[in-house]
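There are 2 protein chains.
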Amino acid sequence: MVTPRTLSGFKDRLPKEAYAKSKMLQSIVQSFEKFGFAPIETPHLEYAEILKKQGSDEIQKEMYHFLDHGEREVALRFDLTVPLARFIAQYKNEVGIPFKRYCIGNVFRGERAQKGRYREFTQCDFDFIGTDSIGADVEILQVIYQSLFDLGLRDFTIHINNRKIFNGLMESLNASNHTIEVLRIIDKIEKIGKESVKQELQNKTPLNLDSIAMLLDFIAKIQKGSALELLKELEAFRELNHTLKSGIDELSTLCKILDPLIPAKFYKINLSIARGLGYYTGIVYETTLNALPSLGSVCSGGRYDNLTQNFSKDSLSGVGASIGLDRLLSGLEELNLIQSDKNVADTLLIPLHSLEYGYKVAQSLRDKGLKIEVFPEITKPKKSFNYANNKGYKFVVITGEEEEQQNTCTLKNMESGEQFNHLQLEAVINAIKS
Amino acid sequence: MVTPRTLSGFKDRLPKEAYAKSKMLQSIVQSFEKFGFAPIETPHLEYAEILKKQGSDEIQKEMYHFLDHGEREVALRFDLTVPLARFIAQYKNEVGIPFKRYCIGNVFRGERAQKGRYREFTQCDFDFIGTDSIGADVEILQVIYQSLFDLGLRDFTIHINNRKIFNGLMESLNASNHTIEVLRIIDKIEKIGKESVKQELQNKTPLNLDSIAMLLDFIAKIQKGSALELLKELEAFRELNHTLKSGIDELSTLCKILDPLIPAKFYKINLSIARGLGYYTGIVYETTLNALPSLGSVCSGGRYDNLTQNFSKDSLSGVGASIGLDRLLSGLEELNLIQSDKNVADTLLIPLHSLEYGYKVAQSLRDKGLKIEVFPEITKPKKSFNYANNKGYKFVVITGEEEEQQNTCTLKNMESGEQFNHLQLEAVINAIKS
Chain B
1 MVTPRTLSGF KDRLPKEAYA KSKMLQSIVQ SFEKFGFAPI ETPHLEYAEI LKKQGSDEIQ
61 KEMYHFLDHG EREVALRFDL TVPLARFIAQ YKNEVGIPFK RYCIGNVFRG ERAQKGRYRE
121 FTQCDFDFIG TDSIGADVEI LQVIYQSLFD LGLRDFTIHI NNRKIFNGLM ESLNASNHTI
181 EVLRIIDKIE KIGKESVKQE LQNKTPLNLD SIAMLLDFIA KIQKGSALEL LKELEAFREL
241 NHTLKSGIDE LSTLCKILDP LIPAKFYKIN LSIARGLGYY TGIVYETTLN ALPSLGSVCS
301 GGRYDNLTQN FSKDSLSGVG ASIGLDRLLS GLEELNLIQS DKNVADTLLI PLHSLEYGYK
361 VAQSLRDKGL KIEVFPEITK PKKSFNYANN KGYKFVVITG EEEEQQNTCT LKNMESGEQF
421 NHLQLEAVIN AIKS
Chain E
1 MVTPRTLSGF KDRLPKEAYA KSKMLQSIVQ SFEKFGFAPI ETPHLEYAEI LKKQGSDEIQ
61 KEMYHFLDHG EREVALRFDL TVPLARFIAQ YKNEVGIPFK RYCIGNVFRG ERAQKGRYRE
121 FTQCDFDFIG TDSIGADVEI LQVIYQSLFD LGLRDFTIHI NNRKIFNGLM ESLNASNHTI
181 EVLRIIDKIE KIGKESVKQE LQNKTPLNLD SIAMLLDFIA KIQKGSALEL LKELEAFREL
241 NHTLKSGIDE LSTLCKILDP LIPAKFYKIN LSIARGLGYY TGIVYETTLN ALPSLGSVCS
301 GGRYDNLTQN FSKDSLSGVG ASIGLDRLLS GLEELNLIQS DKNVADTLLI PLHSLEYGYK
361 VAQSLRDKGL KIEVFPEITK PKKSFNYANN KGYKFVVITG EEEEQQNTCT LKNMESGEQF
421 NHLQLEAVIN AIKS
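Chains B and E supply the protein sequences, listed in that same order. Those letters in the first sequence? Residues 1 to 434, by this note's numbering. Those letters in the second sequence? Residues 1 to 434, by this note's numbering.
In short, the hints are calculated from the structure, not lab data. Don't take every hint at face value.
In this list, chains with the same sequence are indistinguishable; a pair is considered to hold if it fits within one copy or across any two.
Calculated cross-link-like contacts (lysine-lysine; reagent style PhoX-like; alpha-carbon spacing at most 25 Å) [claimed, not checked]:
id : residue 1 : residue 2
1  : Lys391    : Lys23
2  : Lys53     : Lys11
3  : Lys371    : Lys360
4  : Lys191    : Lys265
Given these sequences and hints, build the entire structure.
Now the structure itself:
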């Protein structure tokens, strides 16, 4: 006898939660497809060398890799981006450039187990490859907004930044070589506060006190106000150098195009968003649920250069984002925005006399568009009615001997106990639908 | 530089094929849910001991297993049934019995690579656990029929057998101990023919010539005719022993209930279907596409006892089946029953003058229910029109400078070259929808 259990960091989903997740996935797919994103599939398992030297050192340590039956070194994917890069390098002529795709799938990271962090989780990625146009940035942001809106969310913020602004600022401080360390520290400002960030910048980077003050001042100045107000504030920095100019101009164009597309309250410019450190090179974004700031970003992304550089000489850039579905699901549950107690079926049919008649009635109801579960046994009513109560069905359809003789059925309200006897099918359908 | 490639036996799916597969999955999920089946999720990775000693020796050899970061022996699931058994043993009180669920996911088997056989493939399982009622057998068969019908199939056969009939026959030949070997040989009758089966039975089993003749005669007798005709033929064997009687009676009840539910041409009794050898214990079935017999079964299943015996003292029986999605997809492609060349978007919008206006028009079209792809660059028309042609769009929407001034757009037929200039949005929507 083996003790039934899952590996630490791995999760089963019971029906009601899995059903809620599956409904979310359907909605997300529909949102992606409104913009013409098409799905692709890549395997869960790849040659380890495809995945190696990609992502951060931490991700590399967390990678599940092993020797397969043919002594090949193989690994489970840790994200959907590296397989995308491999895919693009392999099929770019077949799929055509520019190329946009979505991919929904599970990824694996042997992280230290902690609350809300899993070693297998679902990502919903959407990327637009092979174009430098700001149009791609616009569209990825539109898809984020549309996907969350279609899921019923009305109170979230997409925080937008451009990595070039920070890079330009570092250039003007003659500290370009320290961009990554500084970003890593700045990135913690929401978590640890301004004073601790200041301390860390002093201790861990060669920036002098003036530079640190200027940096923090810059960030403070541009943390409040609408996108348009912030762009005005930024104007003052525009002429410092070319990188800053180009970063500010891109944000400016982006906001101009976004203006009629996404209501202003759903996005803002937030220059403390750093995203992925070494990885992104242009406009980046994170998305938070306003009622649950501690949940962290539920959808992040941005523009990257050289996606395919490890696999192909002609490297392609792109823009992409990823919805963290499991995190989003837990957020929606916390906000009561998801019916995670809903049965799949509209109602349960309990045959009391013959299976034959019960199944026939159930199928007739299905043919009229209802989802019908049938209790599969002719048994003591106590057993089947307990089953109905445990599953939380408010109404059940009953087919007994009399109903069979009259070609009718009975509807019972499980809460009040009220019964409506010997109804015609049409009446049952109307009652259940209302 | 790493050569971009997949592992042997693993497959990428390009957008049009992945889109077709995703549409199939949506349809299958809807069919499952008509009957109130709810989804569950279990991890791709399990403790190896959960999966060991399950399935055939072959499957065990093909299992991907390795040591994880914590030196645990872990394995990739090779089917969705063993994880289901573990799941039921773990949560049966929470989910309630009887329990029905579907589960769609990828499974992994390090099989010898051969045409049409993959090491990672998608299974769509649906099972009804914890009831001995024939109602569960009825419902699983209904779901098979409904799922394939909803996918547009109109020419398939569900072959139904009851393992008890064969077991009863072996009892009457005093050869119960050899049931599995004999079944293994009989199972090949469609592939290798009657004579070879006869030879193998002589060489590899202790059955004498009379017994072999009786067996083959029995099988031949009941291979043709409708379910009801065959049941009549079987009557003659009904009194041989209790097992045969119970097997025949079950099939008889099953067919009586199925009669008003599934048109007769879609199922037949076929006593040469053996399914899974040691595994199933009652009614079993396979499903073939009549136009593609060589494809093999696209949906198989049956009744099993003791699903949870390795994990729990109170063992539960059940009925279940599995749609082999990848095989079915290749079948539908071969039969031209699937549009695997379809774009996700209804049309492509090409902005010739400003991205701002192009994206605004695209969003207005989306708000009216259309799926719109936008070419993301203001570029030479040759580039964007080539893109449209390569993707096979029949119509494109164009927004140039004049259109922007007049708040209109132009529709172009890519096949005829015909253009409809300066249309109002409503006119474009009507044109695309028709």
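Original post:
Hint by hint, which ones does the structure fall short of?
Top reply: The structure breaks none of the hints.
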